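2 protein chains.
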Amino acid sequence: MTTPNVQSMMTELGQAAREAGRRMAAASTAQKNQALRALAQAIESSTAALQQANQQDLQAARAAGHDEAFVDRLALSDKAIATMVAGLHQIASLADPVGEMSNLRVQPSGIQVGQMRVPLGVIGIIYESRPNVTIDAAALCLKSGNATVLRGGSEAFHSNQFLAGLIGQALVQAGLPQAGVQVVPTADRAAVGAMITMPQFIDVIVPRGGKSLVERITNEATVPVIKHLDGICHVYIDADACPQKAIRIADNAKTQRYAPCNTMETLLVDRSMAQQVLPDLCKIYQTKGVELRVCDQTRAVLAANGFKDQDLVTATEEDWRTEYLAPILSIRLVDGVDQAMDHIARYGSAHTDSIVTQNHSTAMRFLREVDSASVMINASTRFADGFEYGLGAEIGISTNKLHARGPVGLEGLTTLKWVVFGDGHIRS
Amino acid sequence: MTTPNVQSMMTELGQAAREAGRRMAAASTAQKNQALRALAQAIESSTAALQQANQQDLQAARAAGHDEAFVDRLALSDKAIATMVAGLHQIASLADPVGEMSNLRVQPSGIQVGQMRVPLGVIGIIYESRPNVTIDAAALCLKSGNATVLRGGSEAFHSNQFLAGLIGQALVQAGLPQAGVQVVPTADRAAVGAMITMPQFIDVIVPRGGKSLVERITNEATVPVIKHLDGICHVYIDADACPQKAIRIADNAKTQRYAPCNTMETLLVDRSMAQQVLPDLCKIYQTKGVELRVCDQTRAVLAANGFKDQDLVTATEEDWRTEYLAPILSIRLVDGVDQAMDHIARYGSAHTDSIVTQNHSTAMRFLREVDSASVMINASTRFADGFEYGLGAEIGISTNKLHARGPVGLEGLTTLKWVVFGDGHIRS
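If you read the sequences in order, they're chains B and S. Reading the first sequence from the start, the letters are residues 0 to 427 in numbering that gives the first Met the number 0. Reading the second sequence from the start, the letters are residues 0 to 427 in numbering that gives the first Met the number 0.
Hints are computed from structural coordinates only; laboratory data are not their basis. Predicted model only: the values in this text are computed from it and were never measured. Possibly wrong hints are sitting among the right ones.
Because identical chains share one entry, a pair is satisfied inside a single copy or across any pair of copies.
Below are the DMTMM-like pairs computed for lysine to aspartate or glutamate, each with C-alpha atoms no more than 25 angstroms apart in a straight line [stated by the list, open to error]:
#1 Lys-244 - Asp-422
#2 Lys-78 - Asp-66
#3 Lys-244 - Asp-71
#4 Lys-282 - Asp-422
#5 Lys-282 - Glu-99
#6 Lys-210 - Asp-308
#7 Lys-78 - Glu-316
#8 Lys-282 - Asp-337
#9 Lys-78 - Glu-18
#10 Lys-78 - Asp-187
#11 Lys-287 - Glu-127
#12 Lys-287 - Glu-219
#13 Lys-282 - Asp-187
#14 Lys-210 - Glu-368
#15 Lys-244 - Glu-127
#16 Lys-282 - Glu-127
#17 Lys-210 - Glu-290
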């Protein structure tokens with residue numbers, strides 16, 4: 000339950016955001032870029048004071064017994080600050096999506112009808128410890144013409160409050176409303192409950208954090224949520240795959256980094272390719288310390304090629320449904336692309352799936368029929384990323400089907416309205 | 000609460016829909032059109048039996064004491080059937096949105112990245128009495144490659160069950176799964192509660208009906224809802240309006256039809272245009288029997304032009320927030336476009352708003368800054384409609400901000416996924 004004080008504070012904040020949203024939507028590109036660059040400059044010239052505020056959070060985290068990995072994520076080192084500043088300049092240099100008109104066609108009645116890209120309105124971001132998200136998220140929402148309500152982790156409270164002050168000043172310097180970006184001024188958890196149930200003030204919530212945070216918010220929110228849940232990504236090595244490409248891609252998709260959501264968790268291999276691909280590939284995995292959880296047929300192929308039985312774990316039903324985010328890989332042999340697609344439909348999370356094949360027809364079937372946010376041909380799943388896709392920036396990756404799917408850049412923070420040009424036209 | 004029997008029936012139906020959805024998504028355009036044309040033919044050749052089933056519903060409605068307007072909406076007259084058949088041929092002739100690829104750009108890494116339009120998956124439609132919606136909605140969902148779960152009003156139960164049989168046969172004839180379109184086979188209201196809380200089986204709910212139905216569904220659904228709520232539409236007659244165009248548009252926007260959601264409910268007039276426009280316009284309204292609810296300044300202008308005091312109602316705060324759907328109009332004088340836009344932002348429902356002006360700068364400001372699903376320049380709000388916008392068909396009008404906004408055609412029943420073409424590319 001929300002305490003009355005927090006509720007009324009959030010209502011006030013929501014009203015201010017809604018009002019500021021209209022002015023943010025009408026802001027010129029030049030104004031928005033000016034605010035972004037002013038903020039970059041303010042961060043640079045206030046580094047000492049910012050790091051002082053950050054120290055308060057770091058001390059509190061250490062006092063609370065958090066480990067060094069946690070404290071590291073919280074720290075605004077010189078390098079972290081330089082990255083934030085570079086990010087602001089990068090976002091300022093992106094094209095402004097707002098106001099773009101498309102498909103303006105003249106209709107039989109004589110009116111001309113098309114669509115205009117416009118901001119969503121007010122965006123609420125709920126995130127965990129890293130205070131750099133305060134700047135990244137604010138910058139993306141600002142550039143896309145939205146007002147923003149930011150609710151960072153309570154561990155970063157002092158850092159976020161300091162950054163909020165700088166953001167407010169930069170907005171005012173550019174002639175924009177200070178309430179264009181608001182940081183919730185309390186660490187009270189009730190503020191989150193209020194935020195996600197104010198559809199009259201907030202148009203969309205973007206939670207950034209672990210799965211439990213995202214699930215809780217999704218279940219309780221009455222405001223639409225652009226969310227990222229599981230990334231159970233597959234690579235399927237087809238009967239017509241080029242073995243060299245298959246090994247390169249399957250290696251990269253698993254081992255380039257273990258923690259990201261677009262890392263492969265299950266490898267599917269057509270039975271006819273197993274002998275050509277699996278022994279070499281699994282040697283690479285073992286060298287890199289990847290634990291292999293395999294189906295019986297995979298075990299048989301590997302055993303016949305000198306792999307030791309005790310080095311292989313038998314995959315369970317549960318493995319096909321697990322996002323390891325770790326040096327663990329499940330491997331399954333399948334009979335062709337249909338069985339591969341059945342497996343992906345049944346166990347996958349519709350995030351990112353890739354086929355390796357030289358067969359055009361098979362590739363195009365996989366591309367069309369696999370219902371995931373990103374579907375790839377002969378490429379590593381690790382490419383599923385806003386920067387790699389050319390979005391210039393990324394507020395997150397969506398596993399929603401409606402609105403924004405996959406990597407979400409500036410466009411995902413906008414929507415399309417219909418525009419009609421007439422000259423006294425009436426309907427008959 | 001859902002009774003256990005209905006719950007397990009709906010789970011079974013949901014699973015069948017999810018499985019059928021994969022086959023529907025992979026269906027060729029030719030197959031989908033074949034199913035639509037086969038259905039048209041089946042309806043024509045089964046007219047007598049269809050009307051017999053319909054008679055059962057009509058008799059039940061009369062026995063339950065419903066009025067003739069209600070019975071009329073329920074009736075499948077020869078004309079209603081001909082319209083359904085024509086609609087099927089029309090939807091068969093539309094371009095297939097599924098599989099369209101766009102923006103395929105080569106990225107610095109060498110991969111080519113773009114987007115592909117794909118079905119949403121499974122669409123649930125919940126509607127009230129008219130049984131023709133069964134065919135219209137099924138056809139649009141089928142053409143856009145989705146599986147569909149239809150839940151019509153219990154009053155049309157026999158008609159809908161008969162139509163369901165014809166749809167199933169047409170699907171099978173075209174080699175598509177019979178479960179591609181399912182009509183909920185019970186009039187039990189618990190089925191609706193189950194439908195709107197099965198995100199694992201249904202991707203989006205489209206409620207078609209009165210505001211109370213839509214609000215109830217929106218509040219209780221855990222599946223995303225493409226919804227239509229209020230249509231409090233405005234025409235603003237600017238200081239630089241052409242008076243002839245203003246009168247023509249404001250007349251048409253109110254009186255062409257009173258009940259539709261895109262009919263004007265509030266007329267805003269710049270003070271400097273009131274004398275030139277209001278007396279002639281209000282004479283038209285009075286001739287047509289439109290009740291006028293006016294602000295004090297409007298009353299003064301009309302009184303000075305011979306209107307009788309007792310013919311004018313004083314508008315209250317409540318009037319600005321009311322969707323009359325009737326021959327009633329509220330009128331308010333404002334000071335320029337800013338005050339007009341403030342009024343629209345405060346009282347409007349973000350559905351459809353139009354400005355009448357010859358001033359380009361004012362027109363473009365209104366177009367950019369009014370945050371409604373449809374924003375118009377010098378055109379009647381009555382144009383806000385899928386057919387008038389060239390969509391070829393319409394499943395409804397959305398007042399959502401995310402995903403589909405305004406008139407929703409086939410595209411609104413699809414989404415975009417990312418597609419990546421590589422040739423052995425890995426991330427470095």
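Cross-check of the supplied hints:
Taking CA atoms no more than 25 angstroms apart as the test, Lys-244 paired with Asp-422 passes between copies only; the shortest distance there is 8 angstroms, against 59 angstroms inside one copy. In the homo-oligomer, the alpha carbons of Lys-78 and Asp-66 lie at most 25 angstroms apart inside one protomer (21 angstroms), although the nearest pairing across protomers, at 74 angstroms, exceeds that limit. Proximity of Lys-244 to Asp-71 under the C-alpha cut-off of 25 angstroms is found in neither arrangement, the shortest distances being 37 angstroms within a copy and 65 angstroms between copies. For a Cα distance limit of 25 angstroms, the shortest separation of Lys-282 from Asp-422 across copies, 23 angstroms, qualifies, whereas the shortest one inside one copy, 71 angstroms, does not.
In the homo-oligomer, the alpha carbons of Lys-282 and Glu-99 never lie at most 25 angstroms apart, since the shortest distance is 51 angstroms inside one protomer and 41 angstroms across protomers. In this assembly of identical chains, Lys-210 and Asp-308 lie within 25 angstroms of each other by CA distance neither inside one copy nor across copies; the values are 34 angstroms within and 64 angstroms between. With identical chains, the CA atoms of Lys-78 and Glu-316 are never at most 25 angstroms apart, being 44 angstroms at best within one copy and 56 angstroms at best between copies. Neither within a single protomer nor between protomers do Lys-282 and Asp-337 lie at most 25 angstroms apart by alpha-carbon distance, with minima of 28 angstroms and 69 angstroms respectively.
Taking the shortest Cα distances, Lys-78 and Glu-18 never come within 25 angstroms of each other, neither inside one copy (36 angstroms) nor across copies (50 angstroms). Taking the shortest Cα distances, Lys-78 and Asp-187 never come within 25 angstroms of each other, neither inside one copy (30 angstroms) nor across copies (62 angstroms). Taking the shortest Cα distances, Lys-287 and Glu-127 never come within 25 angstroms of each other, neither inside one copy (31 angstroms) nor across copies (61 angstroms). With identical chains, the CA atoms of Lys-287 and Glu-219 are never at most 25 angstroms apart, being 41 angstroms at best within one copy and 49 angstroms at best between copies.
In the homo-oligomer, the alpha carbons of Lys-282 and Asp-187 never lie at most 25 angstroms apart, since the shortest distance is 51 angstroms inside one protomer and 59 angstroms across protomers. Taking CA atoms no more than 25 angstroms apart as the test, Lys-210 paired with Glu-368 passes in neither setting, with 27 angstroms inside one copy and 37 angstroms between copies. In the homo-oligomer, the alpha carbons of Lys-244 and Glu-127 never lie at most 25 angstroms apart, since the shortest distance is 38 angstroms inside one protomer and 55 angstroms across protomers. In this homomeric assembly, Lys-282 and Glu-127 never come within 25 angstroms of each other (Cα to Cα): the closest approach is 38 angstroms inside a single copy and 62 angstroms across copies.
In this assembly of identical chains, the alpha carbons of Lys-210 and Glu-290 lie at most 25 angstroms apart only when taken from the same copy (23 angstroms versus 56 angstroms across copies).
Taken one by one, the earlier hints fail for this structure at numbers 3, 5, 6, 7, 8, 9, 10, 11, 12, 13, 14, 15 and 16, listed in ascending order.
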